[in-house]
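Please model the entire structure based on the sequences and the hints provided.
Quick note, the sequences are listed as chains C and D, same order. FYI, in UniProt numbering the residues of the first sequence are 1 to 240. FYI, in UniProt numbering the residues of the second sequence are 1 to 240.
FYI, nobody ran anything at the bench for these hints, they're computed from the structure. Please note: incorrect hints may appear among the correct ones.
Each pair may be met inside one copy or between any two copies, as identical chains are not told apart.
[What the hints assert, rightly or not] Cut-off 27 Å, straight-line C-alpha distance, at most; resulting in silico cross-link-like pairs (BS3-like, lysine-lysine): (1) Lys161 x Lys83; (2) Lys105 x Lys238; (3) Lys94 x Lys105; (4) Lys83 x Lys57; (5) Lys79 x Lys67; (6) Lys128 x Lys238; (7) Lys79 x Lys57; (8) Lys128 x Lys174.
In this text, all values refer to a predicted model and were calculated from it rather than measured experimentally.
Spelled out from the first residue to the last, the chains are:
Number of protein chains: 2
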Amino acid sequence: MLENSKFINQVSIDCVIFGFEENELKVLIPKINFSGDFYALPSGFIYQEEDIENAAKRILEERTGLKEIYMEQFKVFGKANRKRQEFMDELISKNYIDNIEEVKKNPGYAWFTNRFISIGYYALVNIKDVKPRLSAIDQSFQWYNIDQAPELIMDHPEVLKEALKALREDIDTKFNVFHLLPEKFTMREVQDAYETIFEKEFVRTNFQKKILSMDVLERLEKKFTGAKNKAPYLYRLKSE
Amino acid sequence: MLENSKFINQVSIDCVIFGFEENELKVLIPKINFSGDFYALPSGFIYQEEDIENAAKRILEERTGLKEIYMEQFKVFGKANRKRQEFMDELISKNYIDNIEEVKKNPGYAWFTNRFISIGYYALVNIKDVKPRLSAIDQSFQWYNIDQAPELIMDHPEVLKEALKALREDIDTKFNVFHLLPEKFTMREVQDAYETIFEKEFVRTNFQKKILSMDVLERLEKKFTGAKNKAPYLYRLKSE
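See the structure below:
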């Protein structure tokens with residue numbers, strides 16, 4: 001199982017991967033490859049000789065196949081009672097019927113059920129770019145609408161909730177929303193993404209004015225729609 | 001020295017304590033009680049049975065005497081090369097002239113010079129409320145103007161810089177600025193604090209409109225200044 005010395009003890013990384021499709025905000029949730037219907041956020045540990053940013057990138061690449069991915073560290077989860085004990089015991093009871101006690105004697109069990117501090121990252125992807133890969137512990141994974149996610153293990157529901165909160169808080173200062181869209185997008189698509197994320201409507205003219213005043217978009221050609229006069233402009237994020 | 005088992009290994013907390021006085025943004029910086037003029041942000045470790053929030057509160061109370069303190073977790077510092085090795089070796093060379101090698105054999109030395117992940121918190125205080133206390137490793141401490149802080153050890157200059165960035169980013173969403181002021185304050189005092197933090201001036205009428213539109217302040221009596229007609233109103237943060 002896990003070798004203590006390779007990873008930093010008692011510290012993990014939990015990732016929330018958001019995507020946007022058909023006017024729905026979605027989240028990528030793996031199902032763990034054990035009996036018992038366990039769903040968990042993409043997670044991992046930090047190698048002793050690895051920057052935490054690189055660990056997060058590695059964990060995200062493992063699931064999405066994407067090397068360059070927009071991510072933000074958003075919160076550390078550090079309650080004293082933050083342990084995998086209950087989850088691990090349930091998992092073991094449903095998977096190792098004959099040798100439960102043996103499994104619990106494994107040094108990996110003690111390591112894994114210790115108290116963990118978890119660093120939360122959220123990532124924003126254009127769903128069409130993702131080349132999903134199963135990690136060693138995934139049975140499958142799926143994009144879920146944000147309000148239709150399956151029940152998650154441990155405190156992962158709280159991690160997901162806090163990621164969504166951070167996504168909203170960051171939206172006007174970090175211009176993160178554009179990373180949910182294709183490379184070229186219309187102003188309508190930006191507004192759709194905002195309206196979905198905030199679950200409310202914005203007045204079109206004010207919205208457009210606000211977005212353009214951020215001065216981070218570059219206006220491109222018109223989008224070909226067949227009706228030349230009404231074709232909307234395409235935009236993309238200015239390169240830095 | 002340090003007992004491994006009591007604290008979480010390889011994780012520390014670094015705090016940046018901001019105050020505001022005479023239109024200057026200030027930061028509280030302790031000088032370490034060893035020869036060599038070492039300045040370090042208030043820091044500490046997390047007990048195995050302690051929430052990280054409580055660890056941060058404990059570390060902040062230790063320095064300020066304040067039990068209730070406004071704080072925000074702002075960033076995790078987690079480079080693989082984030083170690084105290086150089087600092088410790090310099091400290092030891094200036095303080096343990098006769099028995100350097102003995103000191104290095106102490107198990108605490110290995111623990112302390114390991115790679116550490118540090119969770120950054122910034123705190124906002126009203127300087128007049130602080131009842132400064134020296135911790136076990138402080139020789140003294142002092143409030144410095146933000147741009148006149150002494151040279152800090154390790155990556156603490158970066159921690160300070162990121163804390164200031166977070167303070168600015170949070171200002172309009174978390175209403176944190178009010179925690180730098182006395183319980184009752186004038187709109188002019190709020191504007192002074194904003195102008196100091198952002199190092200720029202705001203137009204008075206627009207500024208006032210913006211602050212009042214946040215809808216978090218309660219208007220109180222006028223401040224007695226001797227000139228009744230021109231006395232400004234006092235405000236305070238609404239209780240939640």
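Right, here's what the structure says about each hint:
1. Taking the closest pair of Cα atoms, Lys161 and Lys83 come within 27 Å of each other only inside a single copy of the chain (19 Å); across copies the shortest separation is 33 Å, beyond that limit.
2. When the C-alpha separation of Lys105 and Lys238 is checked against a cutoff of 27 Å, the pair qualifies neither within a copy, at 55 Å, nor between copies, at 54 Å.
3. Proximity of Lys94 to Lys105 under the C-alpha cut-off of 27 Å is restricted to the intra-copy arrangement: shortest distance 17 Å within a copy versus 47 Å between copies.
4. Taking CA atoms no more than 27 Å apart as the test, Lys83 paired with Lys57 passes in both settings, with 24 Å inside one copy and 22 Å between copies.
5. Within a single copy, Lys79 and Lys67 get their C-alpha atoms only as close as 32 Å, which misses the 27 Å cut-off; across copies the closest is 19 Å, which meets it.
6. For a Cα distance limit of 27 Å, the shortest separation of Lys128 from Lys238 inside one copy, 21 Å, qualifies, whereas the shortest one across copies, 46 Å, does not.
7. For a Cα distance limit of 27 Å, the shortest separation of Lys79 from Lys57 qualifies both inside one copy, at 25 Å, and across copies, at 14 Å.
8. For a Cα distance limit of 27 Å, the shortest separation of Lys128 from Lys174 inside one copy, 22 Å, qualifies, whereas the shortest one across copies, 35 Å, does not.
In terms of the numbered hints stated before, the structure departs from hint 2 and from no other.
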